[in-house]
Each structure stands twice: as C-alpha cells, then as structure tokens.
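**Q** Produce the entire structure from the sequences given, and follow the hints as far as they go.
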Amino acid sequence: MKPKQSTGVWVLGGLVVAVVIAALAWFLLISPEIDKASDASAAAEAARDANDLLELQIQQMQALEKDVPDWRDQIAKVAMDMPPTPEAEEVIRLVTSHLEAAGLPVVQLSVAKAATVNPLALSEVTLPTLADESDTAAEGDSEASAADAESTPAEEGAAGEGEGSETAAAGAAGTVELPFTGLEGMTVAFSTEGDHGAILDALRSLYDQKDRFFTVTGLTVQRASETDEQPGRPALAVDQWTVSVTGLVFSLVDEELSYPTDEDGEAPTYAAGDRAPNALEPLAG
1 MKPKQSTGVW VLGGLVVAVV IAALAWFLLI SPEIDKASDA SAAAEAARDA
51 NDLLELQIQQ MQALEKDVPD WRDQIAKVAM DMPPTPEAEE VIRLVTSHLE
101 AAGLPVVQLS VAKAATVNPL ALSEVTLPTL ADESDTAAEG DSEASAADAE
151 STPAEEGAAG EGEGSETAAA GAAGTVELPF TGLEGMTVAF STEGDHGAIL
201 DALRSLYDQK DRFFTVTGLT VQRASETDEQ PGRPALAVDQ WTVSVTGLVF
251 SLVDEELSYP TDEDGEAPTY AAGDRAPNAL EPLAG
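Under the UniProt record's numbering, the first residue of the sequence shown carries the number 1, and numbering increases by one thereafter.
By construction, these hints were calculated from the structure, which means they are not laboratory data.
A hint or two may mislead.
With a cut-off of at most 25 Å between alpha-carbon atoms, the simulated PhoX-like pairs for lysine-lysine come out as follows [said to hold, decoys possible]:
| # | residue 1 | residue 2 |
| --- | --- | --- |
| 1 | Lys66 | Lys77 |
| 2 | Lys113 | Lys210 |
| 3 | Lys77 | Lys113 |
| 4 | Lys36 | Lys210 |
**A** Here is the structure:
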C-alpha cells in the first residue's frame with residue numbers, strides 16, 4: 001500500500017506543479033502577448049479609419065480644386081468693384097456721370113471718409129424708406145420741437161447710461177471673432193430732381209454698372225414743387241420728383257496695395273548752408 005500511496009502523492013504533486021506553471025505562463029507570457037495583439041489590432045483599425053477619412057478629404061479637396069478658377073474669377077470681379085483704396089474722386093465722377101447721362105441735375109453730392117465696416121453691426125442697417133410730403137413735414141416739426149426742448153437731468157442720465165451700454169457692447173464685441181476684416185465703406189449722399197422715369201433709370205444704371213459696387217441704404221422721395229429754371233437745374237413741375245439717396249461704396253484693404261511703400265534709394269542729406277535743388281531755376285549760362 002505504501003508504494004501506491006507514494007505514487008499517488010507524486011502524481012498529485014506533479015499535477016499541482018503543472019497547474020502552477022501553467023498559471024504563471026498564462027499571466028507572465030501568454031496574457032501580455034494577447035493584450036499586445038489586441039492593442040495592435042485596435043491601432044490598426046484606427047489607422048484604417050484615419051486613412052479612409054484622409055482619403056475622403058483628399059477626394060473632397062480634389063473636387064473643390066475644380067472650382068478654384070471660378071473662385072479666382074469671382075475674387076477678381078469683387079476686387080474690381082472694391083479697389084484697395086477709397087478713390088473718393090472716382091466715386092464723385094461715377095455718380096455725376098450717371099445722373100448727367102439720365103438728364104438729371106446734381107443738386108447735392110458728398111462722399112464721407114472711409115470707415116472700417118464692422119460685420120457685427122450690419123444688422124443695424126435700416127432699409128430704404130419712402131416719405132411723403134406730410135410725413136416729411138411732420139418729421140421736420142418733431143425735429144424742430146426736439147431741438148427747442150431742453151434736456152432734463154433724467155434724459156442726461158439716460159444718455160449717459162446709453163453711452164455706457166454702447167461702450168460695454170463694443171468691449172463685448174471685441175472678444176467675438178469677426179467673420180471678415182479689411183472691408184471699408186464710404187457713405188455717398190446725393191440729391192437730384194426730375195422725371196420719375198429718369199430717376200429710376202439713373203438708380204438702375206448705378207446698380208448695374210461694373211465700375212464700383214454701390215448699394216442704396218436710404219431713399220427719400222418727395223413730390224416736387226413747381227419752380228422755374230435755375231442755373232444747372234431745369235424747371236420742375238408738380239408731377240416730378242425730388243429724391244435724396246444715401247448709399248455705400250466699399251474698398252478692400254490690401255497690405256501690398258492699400259498703403260504706400262518705401263521707394264528704393266537713400267534719402268538726401270541736408271547740412272547747414274546747403275541749397276535745396278530747384279527744378280524751375282534757370283540753367284547757368
């Protein structure tokens with residue numbers, strides 16, 4: 001019996017040792033390799049997904065590349081309508097020529113200084129309005145009464161609060177990312193009078209012309225009063241119009257074209273007693 005018991009103990013011990021060795025092999029050798037293989041498989045899957053996404057983006061860029069010539073044409077057209085400098089004199093000549101072509105006099109014409117356009121304030125632009133004589137007279141009376149009235153302390157306080165709120169709004173707007181920059185606008189205001197058909201033709205020609213982008217922001221139409229002919233202004237009848245138009249022209253700031261650059265060469269030096277060159281001075285002899 002003893003030999004059999006001894007053999008059974010050895011067999012049981014061998015089994016225990018085998019199980020321990022197998023467990024150690026699993027935790028120390030096999031399991032880490034399986035984890036590495038799983039991580040490598042996940043990384044390969046992520047790389048395949050990234051490659052598929054990159055290939056899709058490349059295809060999209062290739063499709064957009066076909067539109068680049070059209071975009072360049074559109075940008076060139078915009079650049080023609082919005083030059084890099086304000087060119088106020090050109091705007092005056094443009095408006096004057098279209099009014100004269102329609103047979104209309106230039107009663108008043110002014111171009112304001114160029115100012116940077118704030119895209120966040122574009123929603124505050126009012127639409128053109130059509131005013132009658134009665135409305136204009138009522139507005140004139142209300143403006144005159146408002147000018148004659150003295151401001152009260154409460155109104156002054158309200159004005160101060162309004163200025164503070166505008167300043168706070170401007171500060172808040174400074175933290176918002178602007179959708180575009182570099183656009184400058186000039187306010188153009190002109191008045192004319194004459195037949196309504198000629199006035200509409202002049203406005204339409206200003207809208208259709210390709211020299212400078214012009215948009216109307218304010219339009220006031222009144223029935224003309226019967227007047228005699230004056231220098232530069234034909235006679236008016238009661239069935240004609242007197243029109244005041246306010247509009248905007250734009251310019252796009254270009255770092256290379258909008259600002260003067262330093263010319264090549266050295267600036268001349270001047271010392272005490274030197275004579276400045278005079279191009280109109282007669283030559284010697």
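**Q** Please verify whether Lys77 and Lys113 have alpha carbons no more than 25 Å apart.
**A** holds (24 Å)
**Q** So if I understand the rule, the pair passes when the alpha-carbon distance is 25 Å or less; does Lys113 with Lys210 pass?
**A** holds (22 Å)
**Q** Please verify whether Lys36 and Lys210 have alpha carbons no more than 25 Å apart.
**A** violated (68 Å)
**Q** Given the hint that Lys66 pairs with Lys77, does the C-alpha gap stay at or below 25 Å?
**A** holds (19 Å)
The earlier numbered hint that this structure contradicts is number 4, and it is the only one.
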